[in-house]
Amino acid sequence: MRLRLAVMSVALLVAGMVAACSAETGDADGPDEPRVSVSGSVWVANEGADSLTVLDAATDAVVRTVEGIKAPHNVQLGSGGDIAYAVSGSTNTVVAVDAAAYAVHAVAATGSAPAHVIEAPNGNVYVTNAGDGTVSVYRGAALTPVATIDVGGMPHGLRAAAGGSVIVVANTSEGRLDLIDLTTNAAVGSVPVGVEPAQVAVSADGRYAYSGVSEPPTVVKVDLNTRKVVGSTNVPAPPVQLYLTADEAAVLSANQGTAQTPGRTVSVIDTETMTPQAVVEAGSGPHGVVIDDSAARAWVTNTFDDTVSVIDLEEPSVSATIPVGHQPNGISYAPRPPAPASTPTTTLNLPAPEQQSGHGHGH
Numbered sequence: 004m005r006l007r008l009a010v011m012s013v014a015l016l017v018a019g020m021v022a023a024c025s026a027e028t029g030d031a032d033g034p035d036e037p038r039v040s041v042s043g044s045v046w047v048a049n050e051g052a053d054s055l056t057v058l059d060a061a062t063d064a065v066v067r068t069v070e071g072i073k074a075p076h077n078v079q080l081g082s083g084g085d086i087a088y089a090v091s092g093s094t095n096t097v098v099a100v101d102a103a104a105y106a107v108h109a110v111a112a113t114g115s116a117p118a119h120v121i122e123a124p125n126g127n128v129y130v131t132n133a134g135d136g137t138v139s140v141y142r143g144a145a146l147t148p149v150a151t152i153d154v155g156g157m158p159h160g161l162r163a164a165a166g167g168s169v170i171v172v173a174n175t176s177e178g179r180l181d182l183i184d185l186t187t188n189a190a191v192g193s194v195p196v197g198v199e200p201a202q203v204a205v206s207a208d209g210r211y212a213y214s215g216v217s218e219p220p221t222v223v224k225v226d227l228n229t230r231k232v233v234g235s236t237n238v239p240a241p242p243v244q245l246y247l248t249a250d251e252a253a254v255l256s257a258n259q260g261t262a263q264t265p266g267r268t269v270s271v272i273d274t275e276t277m278t279p280q281a282v283v284e285a286g287s288g289p290h291g292v293v294i295d296d297s298a299a300r301a302w303v304t305n306t307f308d309d310t311v312s313v314i315d316l317e318e319p320s321v322s323a324t325i326p327v328g329h330q331p332n333g334i335s336y337a338p339r340p341p342a343p344a345s346t347p348t349t350t351l352n353l354p355a356p357e358q359q360s361g362h363g364h365g366h
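Per the working numbering, the sequence shown starts with residue 4, numbered consecutively.
Worth flagging that the hints you see were computed from the coordinates, not collected in a lab. Please read these numbers as outputs of a predicted model, since none were measured by experiment. Just so you know, even glycine gets a beta-carbon here, dropped at the ideal spot from N, CA and C. Treat the hints with care, since some could be wrong.
[Unchecked claim] Okay, derived cross-link-like pairs now, SDA-like style, lysine to any residue, Cα gap no bigger than 20 Å in a straight line:
#: 1; residue 1: 73; residue 2: 93
#: 2; residue 1: 231; residue 2: 178
#: 3; residue 1: 231; residue 2: 176
#: 4; residue 1: 231; residue 2: 198
#: 5; residue 1: 73; residue 2: 39
#: 6; residue 1: 73; residue 2: 349
#: 7; residue 1: 231; residue 2: 276
#: 8; residue 1: 231; residue 2: 199
[Claimed, not checked] Pair by pair, the computed Cβ-Cβ distance ranges are:
#: 9; residue 1: 155; residue 2: 249; range: 25 to 35 Å
#: 10; residue 1: 276; residue 2: 155; range: 33 to 43 Å
#: 11; residue 1: 350; residue 2: 40; range: 27 to 37 Å
#: 12; residue 1: 166; residue 2: 342; range: 22 to 32 Å
Work out the full structure: start from the sequences and follow the hints.
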């Protein structure tokens with residue numbers, strides 16, 4: 004694993020934090036080492052700009068701005084990188100965007116105040132509806148309604164185990180993680196974790212989940228077999244999103260804080276010992292975080308200064324800062340490079356509400 008957590012010294016941690024202060028230029032003391040090559044695309048949901056920003060992971064360049072989705076809080080690239088799913092909190096819809104053509108593939112109605120969207124290993128698409136305590140289920144990129152799962156409270160972030168055993172939902176108002184069986188699309192239990200969990204990271208085998216807690220600012224580790232918190236570590240400010248490295252040796256926490264007291268850090272946490280291995284200075288209000296498959300690079304949305312920080316995980320330190328739209332929140336990565344753009348901006352042609360698919364009901 005490129006993080007080299009086991010051999011990272013205190014001196015290196017301090018050096019990494021100092022290097023982060025010169026993030027926009029990438030300057031650091033000593034000779035520069037070749038940067039690990041990463042390819043792929045990164046999509047950002049700009050909730051305050053009614054837009055999505057598409058980045059080239061190889062060059063840190065903005066390739067396209069996709070407009071037309073109102074208040075998109077979250078965006079998620081499908082497994083092949085050919086579809087980007089985004090939720091609109093102001094219109095109660097989920098939109099599937101053709102990532103090659105930058106065009107609408109499908110649109111469906113959700114429940115009230117959709118928060119997050121994922122494509123699960125079973126091929127279904129799941130959307131949390133924070134306003135009515137439900138999770139909407141759709142079949143594939145066509146967004147054909149399948150079911151509505153009642154979990155109560157205010158479901159927000161969610162992720163599935165890569166092996167397909169479970170979906171874990173952060174139920175913010177209830178201070179718990181809700182568990183959904185992918186086979187039956189039914190809620191099968193919950194685990195109390197603390198105040199205002201916003202998002203989760205889930206191990207591939209479905210054994211462990213990681214979640215942030217606001218008071219006190221903490222990242223917790225949950226054993227989903229025993230349904231108990233089995234570890235925790237403090238972070239500098241209330242965390243929002245978390246993301247596991249592919250080998251699951253580390254989890255990154257975006258420590259957003261609040262609008263009144265913004266955080267500015269991303270914590271790199273050893274998942275075995277639940278101890279911080281590094282704290283990287285990012286922008287104002289780190290919210291969303293995603294890591295490439297090789298664990299060489301991470302991207303973090305800075306909600307309060309309209310930027311994305313690119314974190315080189317070998318250091319770890321910020322290697323670039325990219326301006327995006329207003330109030331960036333959700334972020335997603337796929338190894339597939341972004342499609343070329345003939346123009347810098349595309350406005351999606353969304354269907355009228357009466358043409359949208361209905362909100363699915365069922366389990």
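Hint by hint, here is what the structure shows:
1. 73 to 93: holds (6 Å)
2. 231 to 178: Satisfied, since the Cα-Cα distance of roughly 13 Å is no more than 20 Å.
3. 231 to 176: holds (19 Å)
4. 231 to 198: holds (15 Å)
5. 73 to 39: Violated. Residue 73 to residue 39 sits at ~36 Å, over the 20 Å cutoff.
6. 73 to 349: At roughly 14 Å apart (the allowed maximum being 20 Å), residue 349 and residue 73 satisfy the hint.
7. 231 to 276: holds (16 Å)
8. 231 to 199: Distance of about 17 Å is within 20 Å: holds.
9. 155 to 249: 25 to 35 Å: holds (33 Å)
10. 276 to 155: 33 to 43 Å: holds (34 Å)
11. 350 to 40: 27 to 37 Å: Because 33 Å falls inside the window, the suggested range holds.
12. 166 to 342: 22 to 32 Å: holds (30 Å)
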